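Those protein sequences? They're chains A and B, same order as listed. Per UniProt numbering, residue 1 is the first one in the first sequence, and the count goes up by one each step. Per UniProt numbering, residue 1 is the first one in the second sequence, and the count goes up by one each step.
Be aware that one or more of the hints could be misleading.
[What the hints assert, rightly or not] DSBU-like, lysine-lysine: derived pairs with alpha carbons at most 30 Å apart:
#, chain 1, residue 1, chain 2, residue 2
1, B, K194, A, K165
2, A, K124, A, K35
3, A, K103, A, K157
4, A, K18, A, K157
5, A, K35, A, K103
6, A, K44, B, K206
FYI, nobody ran anything at the bench for these hints, they're computed from the structure. Treat the numbers as computed from the prediction; the structure is a model and nothing was measured.
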Amino acid sequence: SVRASLLVLFVFQQREEKQLETAVESLISRVAHVKNALSSFIYKLENEYERLTWPSVLDNFALLSGQLNTINKLLRNEKTPAFRSQVIIPLLLSPDRDEDLAKLTEQRVPVFSHEIVPDHLRTKPDPEVEEQEKQLSAEAVRIGPELAQKHIQALNKLCSNLLEKLNNPREDREGDASAVRQNKASFNPTDTSALVAAVAFGKGLSKCRPPGPVAPGHPGQGPMMSGGPTLQQVTIGGGSNQQAGMGGPGAPQQQGQPGKMPSSIKTNIKSASGSIHPYNR
Amino acid sequence: MEAPPVTVMPVTGGAINMMEYLLQGSVLDQALESLLHRLRGLCDNMEPETFTDHELVYLLKGQQGNPFILRARRSLSHPTSPWHLRYLGQPEVGDKSRHALVRNCVDVAASQSLPEFLNEMGFRMDHEFVASGHIFRKGAMKVVVSKVSRILVPGNTENTERMSLSYLVELSILAPAGQDTVSEDMRSFAEQLKPLIHLEKIDPSKQRH
């Protein structure tokens, strides 16, 4: 019966070993997925940051968090043996370069030596972290239990307040919306038109000369002059008389420039009430 | 004296054939703070910039009868800065596929003798106004929120009167001709300012009446 029980133990051990192996394998493949996602994300951040949009950054984060969740689930699975109870012992340390190891670790760990083994097989936190933890616990001891209790209560109160706010965002938002509604419109289309017209062609602005024949603003935009009694268009043949043509249209200055090629000046006087606008031609 | 260069399209081709893409809107005084707050959040992180400008609009009546318009601007808050001379072409608003008004635009810096120079060339001032407000940038986009005031006594920029109880809001981009994709960016930016303000492609000729 001793033999039988030994055999059972052996079979049991074998099964456990196999379980461990499969668990480690699937863990390795999951970690490889995370690693790939991380490296492609880092590549994007470093090389495509100009084109990277916020939604795609969020997508990357979502992918990573999903993969980490799967790993967590795997570790919590009943069939997964407790890795915590497994002990890893370095059997052979060597200062020489190990090509297999380098290949396995993507050139990150080329030698399995005394120097690096304590780091890689470490089960305690890093020395700096340990130091910080020590400081924190020292401080925690220094604070009396009463004070600590007070702190805890204050923090709890803050957290519950914050949670309440986060859970009821709708009410606040609706409050805002109703406030906006109370304020009515924040803009007035009539004002928009008036301002646009003012900067585009000075509508409503003080004119520097009486509204007359010269059409202000953009040309060819339909008949816009209803004011002036006469419209007059001056065409100048010679360049020398342009000043006359530019002059105030109310005063026929072209006649005030005697002796300068009067024959080349052609003056048309039309009635403004006519439907034909000279600038439309 | 040489004949003035009177033509409707003075600059075509070459390196300075720039187009201005423009969306316009306005905001009531009481909503101004909310708008500025939102713009500070949306736009590039920079020092808030304010300005007070005096714009003089000059006309030159051409042989074809189409007046030629130049806009001269000077800063009242920085009197030593150069003047700014701007030509704006005919606005193109008909194209439905474009989300913004598009017009030819030429900007030139000028010295303080610009008004005399324009007068000598035969230009006459048509109207003037004072615009003061805030400038924001987001990439190539420029957002100007300004109060427009009429000048009561010609030439006296101290004596002004508000045009309306709203601030004019203009979203613009300067881009080489044909880069219509920028109007997409402008539209999505304008979307983010709703419902506070509505920035639209406004045909100025329709506002004439």
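Evaluation of the provided hints:
| no. | hint | in the structure |
| --- | --- | --- |
| 1 | B:K194 x A:K165 | 26 Å, holds |
| 2 | A:K124 x A:K35 | 23 Å, holds |
| 3 | A:K103 x A:K157 | 53 Å, violated |
| 4 | A:K18 x A:K157 | 50 Å, violated |
| 5 | A:K35 x A:K103 | 16 Å, holds |
| 6 | A:K44 x B:K206 | 49 Å, violated |
Of the hints listed earlier, those the structure fails to meet are numbers 3, 4, 6, in rising order.
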